[in-house]
Amino acid sequence: MNLFLVLEQTLNGLQLGVMLFLMAAGLTLVFGIMNLVNLAHGSLYMVGAYLATYFYQATGSYPLGVLLGLAGTLVVGIAVELVALRTLYERPHLDQVLATFGLILFFNELMAILWGRAAIYTTLPDYLSGHVELFAGLRYPLYRLVIIAVGLAVAGLLWFVVARTRLGMLIRAGASNRAMVAALGVNVRLLYTLVFGFGAALAGLAGLMSGPIHVVQPGMGELILIEVFVVIVIGGIGSIRGALAGALIVGMADTLGRAFVRPMLATVISTTAADAAGPALASMLIYLLMAIVLALKPQGLFPARS
Amino acid sequence: MRYKTPSIAAIVFAAALLASGPALAQQKLKIGFITTLSGPQGVVGEYMRNSVELALDHLGRKIAGLDVEVIYGDDQVKPDVGKQVADEMLKKHQVDFVAGIIWSNVMLAVAPTVTDAGKFMIGTNAGPHELAGKQCNELFFTTSWQNDDTPEAMGKVMQDQGITDVYVMAPNYAAGKDMVNGFKRSYKGRIVDEVYTRLGQTDYQAELSQLRAKNPKAVFVFYPGGMGISFLRQYSEAGLRGQFPLYSVYTVDEISIPAVKHAALGQYETRYWSPDLKNPANQKYVSDYRKKYGKMPVFYGAQSYDGILLIDSAVRAVKGNLADKKGMIAAMRKADFASTRGKFSYNTNHFPIQNFYLLKAVTGPAGQDPVMEIQKTVFTNHKDSYAKECPMK
Amino acid sequence: MSSRTRAIVLAAGLVLLAAVPPVAALANQPFYLDLVRRVMIFAIAALSLNLILGYGGMISFGHAAYLGVGAYAVGVLAHYGINNGFLQWALAIGASALVALAIGAVSIRTSGVYFIMITLAFTQMLYYLGISIEEYGGDDGMRLAVKSQFPGLIDLNDATAFYYLVLAILVLCLFLGQRLVDSRFGMVIRAAKSNEVRTRSIGFSPYPYRLAAFVIAGGVCGLAGALLVNHTAYLTPEFMNWTRSGELMFMVILGGMASIAGPVLGAFALLLVEDALSGWTQHWQLILGPLLVLSVLFLRRGLVGLLFGKNE
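Chains as they are written, first to last, in our numbering: chain A, 189 to 494; chain B, 6 to 398; chain C, 4 to 315.
Calculated from the structure, these hints are not laboratory results. Note that the Cβ used here is the ideal one computed from N, Cα and C, for glycine as well. Where hints are given, some of them may not hold.
[Stated by the list, open to error] Covered stretches of chain C (in silico footprint by chain A; criterion: 3 or more residues with CB under 8 Å from a CB of chain A, positions within the stretch not fixed):
hint, stretch
1, 115-126
2, 211-221
3, 248-257
[To be verified] Restraint ranges, calculated between C-beta atoms of paired labels, are given here:
hint, chain 1, residue 1, chain 2, residue 2, range
4, A, G344, C, F301, 25 to 33 Å
5, A, R360, C, R193, 41 to 49 Å
6, C, L156, B, A335, 41 to 49 Å
7, C, E138, A, G248, 49 to 57 Å
8, C, E138, B, I334, 33 to 41 Å
9, B, R295, C, V174, 28 to 36 Å
10, B, K193, C, A28, 57 to 65 Å
11, C, G16, B, K331, 27 to 35 Å
With the rest of the complex left out, here is chain A (with noise of 0.2 Å):
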């Protein structure tokens, strides 16, 4: 086990840890302030790479197919938002989750009436595409490097809108007094429909990001919601500081589990029984991992409310 590959598999798991943040980020928002569960993000991240993937293909420009694709992925949240969530802010979660896990079954069949169910074909545009000599050998792909730092720079923006911005100060007030916030004249219903177009949005990005590395079809957003979902649990829900912790501790646990678990298992139990084992603990782990942050934090590391 080399120092080189130990790194490689470090940046792996950063660059999954940051792809996990932009889907939680968005969810984590629209739970945190709107107390709302909404199981149809997956959704919103499929429709995001399919727009994106069609805009492209449309018009020939990469930049101007995420433009398009993001846009699309706003209006569709905002619709959605306005059509079916709104009642539910109101509702338990159980009816949130029952009714949104309604509505993955419609866009699923959307998209597959739109597009078919096969998978769609995407692609990159030439200056995206290949890898760079980080040192010594190592060759990554560029893209991946781009999604770090995308994902990064989303952070941080996120960071200063909540922090440091009116707006921010708004949506953090309404997350902790609703009425409140409406009693002082803010219009609590159009910054709800704002936030969570927002969180459209980052679902969305997420989507278009991952989608010409990944897979575009009917279905793709449910393969990453449960993953996402443990994310915002471990990290705690309603923080953005919860999301990124979190999804880094799932990005790096689960690369580093699928590279490593197996080999530290065969250096304590034999080689057969380690290549039964391992494979299972490693799809298990991360979800071992949030039963005991969850044991012994039962509302996630950093709850954004007390």
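Following the hints, position chains B and C against chain A.
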């Protein structure tokens, strides 16, 4: 594929028979076709259904003079739903044949249900080893293959080419383990590492880093569906295409190629069939499929097409007398129909004895997607490894 | 609607269910016997979930795990040649209860969405565990070649006898469930759901009661799993998939959480609609999705509330 054009006399005779009403009970032949039609894997079912429809078109919607009705069922990739659908077809619609099924676990739940009811189960994809071996049944036939055959072929390819230091990857579930076992049955060289990833995993960057660190001479993978598309893209992006040649089974096919395009170029696969297989039945199937559906057909479809033709050959052999099960079994065993794979025969366990080829993804005609082309024959008249466990002779 | 009327309606429903086998035989449609039997098995599972979800307010997204544990208990014993139904079903209930105890002990310390997530996580762990154990088929699953044997008592291969057995178990669960909910134990659970602080202040710690309810629900669901594997003659880790938990939750919500019979109604509604829709179009999820959303939004008391109006 020839079909008889009824003469005038025959039409008059048939009209007279029809007019005689309920005396002639069996006017229709009902086939229940079970596949996955909803959800992301519905895309495979779509190709199967289209191929069944095409086969029926080619047969003029009649088999041995009987009108054919196909009832489609969706198993939702769940064995208990598949079984419920099969029950519905057998008891409610009273089908004469049940065909289809993509997934081994669904097949293992459905096949006994169908054969216990005394009806034929014509599998057109799943080929679990239990049904090839101890649980073989005279009413079960398949037009596909036994799951282990295809990786056995790839193992032989790599063994014959003298490749050593192979890195093996597959998802951690029954089919994944089966594929690797099949591979190891014919590949005897050194396997550098055997890595099983989580089922449904989308990001392989961590595993690719490990792979590169081990520095193998070649890589063998099994990644069906969306997993394959992700894996191929990431393999390309990581610059590994040029470094380590990639051999696979069930990872690159006509469904996944449009999604990955040039990322698939240079990929090797083994299969019993390819669109460029040169025989009249296949050429007609491929060109008509492309004309009708605008896409290149895939092996799931070719198998389903053959399934209908197999049923047709059996019913014609007993002249439409569906009560003559023994006659139909004997007819099916002869594999006497124009299959898209060319001439083949059946083994005692009702699995095909057929050729396997090495395929490569090469550049398609100008402006189009890559296509799979046969490079050479790997196995001639290959028998599966479980036939000896089957008590039927 | 008075409780007497509701009792009459319930009795009528049960009579209807009892009439299915002879009617199906007369109409020469044996398929419907199988269909209704499958629905009833899921109704038992949904009923067990209702205990903790509807009455206890614990949103467990991992309930399908017990279907799997119960099914595997039967399947594994049969794999080793033990076909005695009493042994198998006792293990199904016992193992499920034990697993519920383990999961509940950790999970019930949390609440709200954390509880949802942790129960989901445990189910996923069991699912991945099931997939990786090759001896029991992994995700290919196992065939149950010989049904649970109850020598001299009942032959499960007799479709009608099996049907009536399932019906009898359903009725038993309904009856026992109602007794449990009306008992002091049930009152504590329900009190803890509506106002936990007050419940504590009158001296009851919800934790042991909730855990007990969780274990009971797990055991009953394990029994449903044993029934299911006998019905399908096959089991796979898919029995434990989280989407199946979601289906169970839907049955409870759709049917109505306020009543013990609600989930039965919900099971019938969901599975029959699914069966009908998927026979009609391959895009059935496009229709079912919004239907589920609408039912959650507008049927606040579920179908029971819709049909029977408010109860006290």
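Hint-by-hint comparison with the structure:
no. : hint                             : in the structure
1   : 115-126                          : holds (count 9)
2   : 211-221                          : violated (count 0)
3   : 248-257                          : holds (count 4)
4   : G344(A) with F301(C): 25 to 33 Å : violated (43 Å)
5   : R360(A) with R193(C): 41 to 49 Å : violated (36 Å)
6   : L156(C) with A335(B): 41 to 49 Å : holds (43 Å)
7   : E138(C) with G248(A): 49 to 57 Å : holds (55 Å)
8   : E138(C) with I334(B): 33 to 41 Å : holds (34 Å)
9   : R295(B) with V174(C): 28 to 36 Å : violated (58 Å)
10  : K193(B) with A28(C): 57 to 65 Å  : holds (60 Å)
11  : G16(C) with K331(B): 27 to 35 Å  : violated (48 Å)
Violated hints for the displayed structure, listed by number in ascending order: 2, 4, 5, 9 and 11.
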